[in-house]
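Student: Sequence:
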Amino acid sequence: MHTEWVLKVAGAGSPLSRSGLRGREAELAELEALINSVARAGSAGMALIQGEPGIGKTTLLTEVVAQARSTGFSVSVGKADELHHIVPLSSLAACVLQGEQPLLSGDVFADLARNHDQRIWLVERLAEVIEARAGDVPVLIGLDDVQWADPLSRFALQQLPTRLRTSPVLWILTGRREPAGPAEEIVAAAAGSFTTVTVPLGPLTGEAIAQLADDALGAAVDERVRELLDGAGGNPFLAVEMLAGLRTAEATDNFVPPGLVVGVRSRLRSMKPDTLRFLQMGAVLGRTFGLQDAAALCDRSPATLIAALEEAVRAGLLDDDGERLAFRHDLLRQAVYADILPSARKTLHRDAARVLVAAGHPAIDAVPHVLRGAVPGDEEAVALLQRAADDVLAVTPDLAADLMTRALALVPSVRPLRFAVGEQAILVLTRAGRSRDALSTGDELLAARPALDVFSRLQAALGGTLWSMDLAGELRRRTEAALALGGALPEIAARLAALRTLALSREHDLAAAREAGETALRDATAIGDREAHVLALSGLGEIAQNAGENALALERFAALSAIDPAFLPEEIVAHLHVDDFETGQRLLLRTTQAGVPRQAMMLWAQGQHDLGVGRLDDADAAFLTMEHLEDEVQVPVQQVNGRVIRSRIALLRGDREAAREHLSAARERLAAKPNPGNTAAVLFLEAVHAEADGDVGLSVAKVRQVQQAGAFMRWRLLRDWVDAAIRMALSGADHELAEDLAAQAEAHAGRNPAVPTATGIAAQALGLVKNDLAVLERSVELLNASPRALVRAAASADLGRALLSAGRKQQAVAALIRARDTYTESGAHAAAERVRQVLNSAGAAGVRAAPVQRPVQGWDALTASEKRIARLIAQGHTNRSTAELLVVSPHTVNTHLTSVFRKLEINSRVQLANVVMALPDS
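For the sequence shown, the working numbering assigns the number -2 to the initial residue and increments by one for each residue that follows.
Because the hints were derived from the structure by calculation, they are not lab data. Some hints could be false.
[Said to hold, decoys possible] Label pairs and their in silico Cβ distance ranges:
{"no.": "1", "residue 1": "Asp440", "residue 2": "Glu504", "range": "19 to 27 Å"}
{"no.": "2", "residue 1": "Thr195", "residue 2": "Leu486", "range": "51 to 59 Å"}
{"no.": "3", "residue 1": "Gly203", "residue 2": "Trp856", "range": "54 to 62 Å"}
{"no.": "4", "residue 1": "Ala744", "residue 2": "Arg583", "range": "27 to 35 Å"}
{"no.": "5", "residue 1": "Gln834", "residue 2": "Asn672", "range": "33 to 41 Å"}
{"no.": "6", "residue 1": "Ser661", "residue 2": "Ala744", "range": "28 to 36 Å"}
{"no.": "7", "residue 1": "Gly691", "residue 2": "Gly178", "range": "49 to 57 Å"}
{"no.": "8", "residue 1": "Ser661", "residue 2": "Trp856", "range": "29 to 37 Å"}
{"no.": "9", "residue 1": "Arg527", "residue 2": "Ala417", "range": "17 to 25 Å"}
{"no.": "10", "residue 1": "Arg583", "residue 2": "Arg474", "range": "41 to 49 Å"}
{"no.": "11", "residue 1": "Asp918", "residue 2": "Leu770", "range": "40 to 48 Å"}
C-beta atoms are modelled at their ideal positions from N, C-alpha and C, and glycine is treated no differently.
Hey, can you work out the whole structure from these sequences and the hints?
Tutor: Pasting the structure below:
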């Protein structure tokens, strides 16, 4: 980059322009105001400088950076590169590794990019580093040419600004005008969270162009030159390059045609052939390149190109920072590149890929050249694309899927290699969430009638695809067909058997499914195939869970997470199902202390834990954060169930409007993932809403539909909610349905005799159906050992009402007060108010009024967790240190902070500190 329109040319020592900008005074003033705003308010800001190539975006960015640095900002600025636009994090690396005090060391950044397989975790770690720096000084992060940012950097730039909106971080991006391009996506993600401005750069005025000419040529400017500059169309870079061409050209009357390529050619005529070739090889490698790589592409030693390098630098075409060479502007690179014949470019790009790989560069660095130079049948290019896809799969699965799609397209259909590449493509496409593409790819390969061993491998690869698409029946049909045909290698046969177990877990004959699963597990263990072992344990865990055998499900999922930590969320939830919340909490604590995969599912487990112990505010925040993370990685797994639970939480709180919004969102998400479990969950939620609206007939009809959803689906859904379903049935005088539900609860308790929640709910269900006071009393006794607060409260409320009906007022009041207090402590204010009304109608003395609902705005609007987090942040804690103190994830802290800032109507941590300091108890 350069700080002014200055260009030193061969044979001339004076600059072409005086220091400063020409014709950009208004734009600079707008950006200076944004700098001052961020520094003063302590909250984030973003500016996008847009315009055509050469219009002055980099120059304006450089001037803004200089202004911010003089104001006291810590500055990190980088530039995206067209030929590196697919290398994960390459663009962001250019930002965070630059500056006098880089945000990260190269080693730490390489560790982040290489060793951690979660985009969300990666973004959070970067956010923590930037947040820590912004705690000391305002920070400016700039990225030039954002239109070429790599996918992972774009993902991070869509998340980081919003995540850091309460810190003084100024984001400055430059890019070309591209509707729905990367720049627009990043700005759209930040819009509404803090101040964002777009600064369009149009052509310079004739007066400004004339000033550039006067700066460069002084008295030499004549009418012919002014006519020539008209051809620049107000583009300052083109104008400067034309002027440079005039400065290097001999003084003749020959007219120099306008245009950048011509201008550059006129400057290259006097250069030595070695320099011209060196520049062309550099142009093939990209805007930035290494001397060693360019020398290898020239088939020369680096020492023999020193003179060429010096001439290119003197001519103002290249910059040399001591480590890398860079064309001073990408338009210069493009102009040099345009002089290479198209047929030669392909060959040079293929050679460049070989040079980079031979020099030890990662495969992904060579991929841009492969994509430009590969031809069908190029197995070397295919192998390189496969390696690159494998390298980037963990952090950018979408990019890996694109690479494998291209690799497959390069392999002719007649070659056996096509099946091996296709198998990898299926796995990668599925990992990227592109299951339909994976299935069509697999079916196309299967249609070619491969050998039996290949046929089996392809069907095994498609197993995960079909499972992710909820096509359990098709999965069973295909695995059984492949096993029946034979010819599979032992490990592939073991995987197919394990996949069949997964498919059987969704069917009614769970005893047969368990037998098949046990056989698959024995085979996987004997063969020693890890993938088959994981699949078999996963299938057996699903079967045990669907059969309602909670202890066995825990055993299976604990064994599974010991092999693959990615399944830790399943183990945690299994602990909760046996009422072992203590172990669940301990495992959740472990996940906050180290990066773990599947963070959205970890938040699902956290939400289930918080809901169980009666922390409704925290549960709601966990499920909200889970949905955000699933949206970010575009892998919706639990969004339907999350919205169903949040709707019930809203009803318990008394927020009918939010409850209806969640119901609507659950229905929308059900349309995208209409599996039996999601369908049953939404049906039950519709029953709950119908009851709340007073439509008893509809609520009973919906519960009946749930009961028809399938044997295991009924109890899995109603495990802790069966009492509510029974009350609906009794309200609608449907005793048959109520008895069916009670029998369901009793059967579940029989399978889980050591789980207080299961046995207590079974007694509660029976007591409600039989209107048996003694059984209801027994249910409360059993549930005293349950950690589930809302379950205990509901049973106490049922007992209290039954005691009132029996004329035992004193005992009734005690039970109802227990229910009311538990609901209140949990934040279930609407449920507490209903119990209070029963107490009032019974004429209970000294019943205090229901707690006043929290206001919408102000400190008193904050939940208990929000207040704790607000105080810690006000004391100077980061999201990470706050999360560690409160034993939650940094993502949950961020969700709470978003709510805090909205309710307090503030925008920065400085403002939050002021609010907290002004509190009477501070």
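Student: Each of the hints needs a verdict: does it hold here or not?
Tutor: Going through the hints against the structure:
A hinted range of 19 to 27 Å for the beta carbons of Asp440 and Glu504 is consistent with their spacing of about 24 Å. Our hint of 51 to 59 Å for Thr195 and Leu486 holds, since their Cβ atoms are close to 57 Å apart. At roughly 58 Å, the beta-carbon separation of Gly203 and Trp856 lies within the given 54 to 62 Å, and the hint holds. Taking the beta carbon of each, Ala744 and Arg583 are about 31 Å apart, inside 27 to 35 Å as hinted.
At roughly 39 Å, the beta carbons of Gln834 and Asn672 sit within the given window of 33 to 41 Å. For the hinted restraint 28 to 36 Å between Ser661 and Ala744, the CB-CB distance of approximately 34 Å keeps it satisfied. Look at Gly691 against Gly178: about 51 Å separates their beta carbons, and that is inside 49 to 57 Å. The supplied range of 29 to 37 Å is met by Ser661 and Trp856, whose beta-carbon atoms lie about 31 Å from each other.
With their beta carbons about 20 Å apart, Arg527 and Ala417 fall inside the hinted range of 17 to 25 Å. Range check, Arg583 to Arg474: Cβ separation about 42 Å, and the 41 to 49 Å hint holds. Distance hint check for Asp918 and Leu770: the Cβ-Cβ separation is about 46 Å, which falls inside the suggested range of 40 to 48 Å.
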